[in-house]
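A.B. asks: Here is what each chain is made of, one letter per residue.
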Amino acid sequence: MFEVQIPIWLIYSIIFISLFISIFYLIIFIQTRKTQEIVTTKKFPYVTFIIPAFNAEQFIEKTINSVFNVDYPKNKIKIIVVNDGSTDNTAKVVRELAKRYRRINLLNKKNEGKAKALNYGIARCKTEFVAVLDADTMLQPDLLKKAFALFDKKTMAVTCRIMPINKNKFIEKIQFVEYTLTSFFRKLLSNIEALPIAPAFTIYRRNFFLRYGGFDTGNLTEDFEMALRVYSKHYKIRYILDSYVSTIVPNNFKQLLRQRVRWGYGTLYNLKKYKQLFSKSYGELGLFALPMIAFGIVVLLLLFFISLLSFSSSLFRTIYLLRLGWVPSFSVNTFRFIIFLSDPRIILGLLGFGLSLFFLFLIKKETQARINIFLYVLYILIYIFLLAFFQLISLIRFLTKKPSW
Amino acid sequence: MKKRIKGEKKNRGVAVSYIAAFSTAILVFVLGIWLGNYIASSKSLELQRTQEKLISRFFGLELRNEMVKYQDICALSWGDIWKDKVEMGQKVINLETRLGKENPDVLQEKEVYELIEIKVILLLREIRERCKENFTTILYFYTNKKNDPKGDWRESENQGYVLDSIGAAHNMKGKSTPVYIFAFDINIENPVINYLKNLYNITRVPALVINEHTYTGLMTKNEIEKILEK
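Keeping their order, the protein sequence lines are chains A and B.
Residue numbers for the first sequence follow the working numbering, beginning at 1 and rising by one.
Residue numbers for the second sequence follow the working numbering, beginning at 406 and rising by one.
Hints in this document: simulated from the structure, not taken from any laboratory.
Glycine residues also receive a C-beta, built at the ideal position from the N, C-alpha and C atoms.
Mixed in with the good hints, there may be bad ones.
Here are some chain B residues pointing at chain A (derived, C-beta under 8 Å) [stated by the list, open to error]:
(1) T429
(2) G437
(3) K635
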């Protein structure tokens with residue numbers, strides 16, 4: 001039988017850093033919300049959508065329709081679909097659509113992965129802006145106008161909130177909670193010029209690709225790499241919270257595991273690749289955002305190990321005691337309950353939970369998303385352990401140098 | 406292209422945000438720790454009050470006995486005393502969990518609690534002798550200290566769980582002969598408690614004294630039940 005002894009300084013350090021991060025976010029929110037205003041552009045630059053497609057016959061039509069349904073001059077929009085060696089009817093669907101929309105260009109190539117497909121499309125694009133869009137991701141009509149209003153001299157890319165389309169299964173619903181929560185914090189990071197991510201839909205200045213090259217073809221999370229590259233050149237990425245793209249999220253554990261391990265591996269790989277960004281000279285990205293990501297990874301891993309050890313230890317002990325003849329009994333009395341509550345870890349934990357509920361209130365208000373409180377609690381109590389597990393697998397893959405798509 | 410960067414956080418503002426966040430986090434952190442300790446110390450006072458209440462009750466009982474010369478001990482409703490003793494024991498355990506087993510205040514309160522336990526044992530003896538009541542007492546000696554040469558603290562703790570189950574099973578109304586359990590930390594240094602340890606020859610823990618016989622080492626529920634059946 002063994003006992004799990006977690007150093008008290010470690011627990012208090014994690015609590016303190018988490019508290020600091022939460023309060024910092026809150027201050028950023030308070031400081032920036034008063035001056036936030038929703039603006040749409042009155043200038044409409046030319047933009048080419050690059051849609052890498054691999055076996056996307058199910059969604060590609062909806063994706064393309066959503067692009068042509070945006071509130072933006074249609075003659076300023078062009079689409080390049082890069083058929084990345086699909087074995088289904090993706091090319092056929094796109095060819096049919098091209099008859100309807102003249103501004104679609106279908107490029108066929110052998111399957112070499114998303115990054116190569118993107119670069120293939122970018123190389124054939126002539127417009128000032130390039131919008132990178134996943135084949136299963138649909139735009140809201142007001143998105144482009146809002147996106148182009150955010151570009152300034154230092155802004156090299158604009159990205160936006162992502163919302164799951166599929167929200168039927170529990171695993172999909174919990175991802176809806178996750179995507180909504182992260183979108184709020186991404187916006188806050190964007191407000192302090194420290195958003196290190198450019199996922200499913202991002203508009204880039206084509207110049208950036210010309211000067212600094214295309215997507216890293218050997219990278220599992222080429223979008224994260226590109227975001228870090230943008231910052232490494234002292235440019236920034238902006239974020240839209242009040243409009244979004246909809247995408248298909250994994251609807252079973254296996255798919256989710258695969259996706260998250262890829263993300264986790266990519267995060268570790270790119271943090272290592274761009275370790276020089278952990279520096280004051282990269283502003284809040286180096287001082288806050290990246291250290292926070294690293295802290296999150298460490299906490300998730302610790303959470304996993306501590307939970308696993310505590311659970312195994314309790315299980316073994318219970319079995320041992322039952323064999324000795326112990327009969328479990330449950331009694332609650334006020335004294336015991338108050339003594340339990342008097343533990344500073346519990347007090348600070350409850351305070352943290354209260355703070356997170358306050359954030360939830362703000363997020364619901366800001367995003368207009370309907371988040372069920374029950375789902376939110378499950379997200380905190382259960383899903384977080386799943387994320388910790390994914391992080392562990394990612395770390396193992398990273399340390400054993402076995403990347404996997 | 407219209408700029409809308411008004412809402413952007415500028416660098417100088419961010420520096421202030423760091424300081425504000427850090428200061429607030431320290432304030433909240435310290436307040437949380439202070440509040441926890443304040444509640445724990447107020448509960449510690451509550452335990453002291455319970456102890457004082459029980460000591461007063463014993464003192465009153467002794468005085469009454471003096472006055473009536475042991476005439477009515479069999480009529481004594483001692484259930485309240487037992488209830489207070491059990492409650493006090495639980496409070497000591499809870500405080501021990503919260504403040505630590507080595508905390509001087511906890512050790513002090515535990516010593517008082519164990520002396521009160523001895524008072525209850527003496528009272529029970531008297532009731533058994535004078536009133537022909539049928540019950541069993543178990544004295545349970547344990548250690549809390551890690552690497553204690555007198556015995557393993559984990560085994561002591563496990564013995565405590567087993568005894569809890571025995572106590573719960575025997576003290577249900579209408580069930581078999583009541584069993585009254587008294588726990589003693591072998592490391593509490595007090596002349597009376599030391600006398601008790603010497604009396605029953607307690608050198609290793611966990612150890613049980615059941616009806617005046619000493620049993621050393623961890624015992625299962627079945628083993629204890631067999632002794633109780635004799």
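A.B. asks: Does each hint fit the structure? Answer for all of them.
C.D. replies: Hints, verified against the model:
no., hint, result
1, T429, "5 Å, holds"
2, G437, "4 Å, holds"
3, K635, "18 Å, violated"
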